[in-house]
Amino acid sequence: MSDRLYSKDHEWIEMDGDIGTIGVSDHAQEQLGDVVFVELPEIGRAVVQNEEAAVVESVKAASEVYSPVSGEVVEVNETLTDDPAQVNADPHGEGWFIRIRVDDMSQLDGLMDEEAYQEFLAELD
Amino acid sequence: MTSEPELLTTPLDGLHRELGARMVPFAGYAMPVQYPAGIIKEHEQTRNAAGLFDVSHMGQVRLSARHGGTLEDVAVALEGLVPADIVNLKPGRQRYTQFTNADGGILDDLMVTSMGDHLYLVVNAGCKVQDIAHMRAELADRCEIEVLDDRALIALQGPKAVAAFANLVPDCAALSFMQAATWDLDGDRLLVSRSGYTGEDGLEISVPGKSAEALLRRLLDDPDVAPVGLGARDSLRLEAGLCLYGHDIDTTTTPIEAGLAWSIQKRRRSEGGFPGAPVIQDQLANGVARRRVGLRPEGRAPVREGAVIRDLSGNASGTVTSGGFGATVGGPIAMGYVASDHAEPDTALELELRGKGVPATVTALPFVPQGYQRA
Numbered sequence: 388m389s390d391r392l393y394s395k396d397h398e399w400i401e402m403d404g405d406i407g408t409i410g411v412s413d414h415a416q417e418q419l420g421d422v423v424f425v426e427l428p429e430i431g432r433a434v435v436q437n438e439e440a441a442v443v444e445s446v447k448a449a450s451e452v453y454s455p456v457s458g459e460v461v462e463v464n465e466t467l468t469d470d471p472a473q474v475n476a477d478p479h480g481e482g483w484f485i486r487i488r489v490d491d492m493s494q495l496d497g498l499m500d501e502e503a504y505q506e507f508l509a510e511l512d
Numbered sequence: 002m003t004s005e006p007e008l009l010t011t012p013l014d015g016l017h018r019e020l021g022a023r024m025v026p027f028a029g030y031a032m033p034v035q036y037p038a039g040i041i042k043e044h045e046q047t048r049n050a051a052g053l054f055d056v057s058h059m060g061q062v063r064l065s066a067r068h069g070g071t072l073e074d075v076a077v078a079l080e081g082l083v084p085a086d087i088v089n090l091k092p093g094r095q096r097y098t099q100f101t102n103a104d105g106g107i108l109d110d111l112m113v114t115s116m117g118d119h120l121y122l123v124v125n126a127g128c129k130v131q132d133i134a135h136m137r138a139e140l141a142d143r144c145e146i147e148v149l150d151d152r153a154l155i156a157l158q159g160p161k162a163v164a165a166f167a168n169l170v171p172d173c174a175a176l177s178f179m180q181a182a183t184w185d186l187d188g189d190r191l192l193v194s195r196s197g198y199t200g201e202d203g204l205e206i207s208v209p210g211k212s213a214e215a216l217l218r219r220l221l222d223d224p225d226v227a228p229v230g231l232g233a234r235d236s237l238r239l240e241a242g243l244c245l246y247g248h249d250i251d252t253t254t255t256p257i258e259a260g261l262a263w264s265i266q267k268r269r270r271s272e273g274g275f276p277g278a279p280v281i282q283d284q285l286a287n288g289v290a291r292r293r294v295g296l297r298p299e300g301r302a303p304v305r306e307g308a309v310i311r312d313l314s315g316n317a318s319g320t321v322t323s324g325g326f327g328a329t330v331g332g333p334i335a336m337g338y339v340a341s342d343h344a345e346p347d348t349a350l351e352l353e354l355r356g357k358g359v360p361a362t363v364t365a366l367p368f369v370p371q372g373y374q375r376a
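Protein chains in written order, with this note's numbering: chain E, 388 to 512; chain U, 2 to 376.
If we strip away everything but chain E, and leave its shape as in the complex, we get (with noise of 0.2 Å):
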């Protein structure tokens, strides 16, 4: 089972070390169909708990990426701008969006573990 953790807005974030890595749930490309677009933040921008720090635009519309946790932008996926196909194709691998220096460990204790997700995602159907 991975570390990951979601948060119920469908993001999730992978630590390592202070460190997270950020993206979308497969059930939340799988609801946003084929994305045409990503767009980052810049590096060095702070993110903030539950608020925006990406965009993705599938065919039919955007929608805002939240951080699951607040924090320093360090690093930004840019292939998805070339190829934006890898949300669909790959969410929890080569289709994550950010990653953050994480301000404060605490906050990921609100999130889920993959478990409490998936029962999560059974309860929203």
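Hints are computed from structural coordinates only; laboratory data are not their basis.
Please note: incorrect hints may appear among the correct ones.
Pairwise CB distance ranges (calculated) [what the hints assert, rightly or not]: (1) E/Asp413 / U/Phe27: 24 to 34 Å; (2) U/Trp263 / E/Ala503: 55 to 65 Å; (3) E/Thr468 / U/Val130: 41 to 51 Å; (4) U/Pro360 / E/Thr466: 23 to 33 Å; (5) E/Ala472 / U/Lys357: 15 to 25 Å; (6) E/Asp500 / U/Ser341: 56 to 66 Å; (7) E/Asp405 / U/Lys357: 25 to 35 Å; (8) E/His414 / U/Ala167: 37 to 47 Å; (9) E/His414 / U/Pro360: 27 to 37 Å; (10) E/Ser389 / U/Ser177: 28 to 38 Å.
In this text, all values refer to a predicted model and were calculated from it rather than measured experimentally.
C-beta: ideal position from N, C-alpha, C; glycine also.
Guided by the hints, dock chain U onto chain E, whose structure is given.
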């Protein structure tokens, strides 16, 4: 909390769900927005082979003469509501037109087909209740108005569409663009027109609702045919430069501003006799202040309906009315209204997106070449 109104379903609802469609509310109906293939693949399927669409939510109406009247009486009556020449529409021919209001605005856009002894109309789902009320109020003294709500309507669109349908009805290949005819298939009367709203060659097929699912299953057995939802229908019609009612055209836009003057034949331009004729005739003679244009935003970000269009000095020129991703174009495309002096192709403008200006170029419509098979 307000309770959701009960959605209507088309006769193909069960098949959509069986095919794995994602159903969404649209104009009061549960409709497939996409199937498991996804919008981009469904779009490409239609451009490259044949896409099968359920458009049964649209209104099908039969107008025929009352006691002793003729089809010409019906045509004359309908001309009182629309600016197209209906009187000279030959049997088996189809025409695109609009219901206009006294200001020259558009109440709905529709297709009118002469079937020889009656007119067959297809109107938008979202407008059909008001359209039917409008016709009942204005035409009932001269026309029998029959709403064909026991019939389904499907569109089979794409370069392989006619060949696929010709496996069931060989003679359909003889139709050319904007022609229509009826055929019997398995005891059902089908009304088939060579038309559609994707910019591709193809057919629209009206079939009794009870037989629609069986017909779709037969068509889907063909490896060139796959189901396509409303998501791709929207990106296909946008690439084809076709108006979506309620977005690109509505009661505040006239057919002339919308670039639909081609749909008003010469006799009607000079004679008038339709709602808003003085406004529309004046615009034909003297021009309009704003026009619908195609727009190509730079980069990859789609610019959507509602975005403000500015000239390079930052002055507002108009608003985007449809925008998204053109899968065949391979990038973002949009349509909107701009001041007429910005409407020439290659004019450089800016579209407002998330607080920034995206450079965009006015582009001749359609964005992709039409595949229509004309006579």
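Original post:
If you check the beta carbons of E/His414 and U/Pro360, does the distance land in 27 to 37 Å?
Top reply: 36 Å, holds
Original post:
E/Asp500 and U/Ser341, beta-carbon distance inside 56 to 66 Å?
Top reply: 59 Å, holds
**OP:** Confirm or reject the claim that E/Asp413 and U/Phe27 have a C-beta distance inside 24 to 34 Å.
**Re:** 26 Å, holds
Subject >> Pairwise beta carbon distance, E/Ala472 to U/Lys357, judged against the given window 15 to 25 Å >> reply: 24 Å, holds
**OP:** Determine whether the Cβ-Cβ distance between E/Ser389 and U/Ser177 falls within the hinted range of 28 to 38 Å.
**Re:** Check failed, 59 Å falls outside 28 to 38 Å.
**OP:** State, for the Cβ atoms of E/Thr468 and U/Val130, whether the hinted interval 41 to 51 Å holds or is violated.
**Re:** 45 Å, holds
**OP:** Using the Cβ atoms, figure out if U/Trp263 sits within 55 to 65 Å of E/Ala503.
**Re:** Holds: the Cβ-Cβ distance is about 59 Å, inside 55 to 65 Å.
Subject >> Range agreement (Cβ of U/Ala167 with Cβ of E/His414, hint 37 to 47 Å) >> reply: 42 Å, holds
Original post:
Taking the CB of E/Asp405 and the CB of U/Lys357, does the distance hold inside 25 to 35 Å?
Top reply: 32 Å, holds
**OP:** Please test the hint of 23 to 33 Å on the beta carbon pair from U/Pro360 and E/Thr466.
**Re:** Holds: the Cβ-Cβ distance is about 24 Å, inside 23 to 33 Å.
Hint violations for this structure: number 10 only, all remaining hints satisfied.
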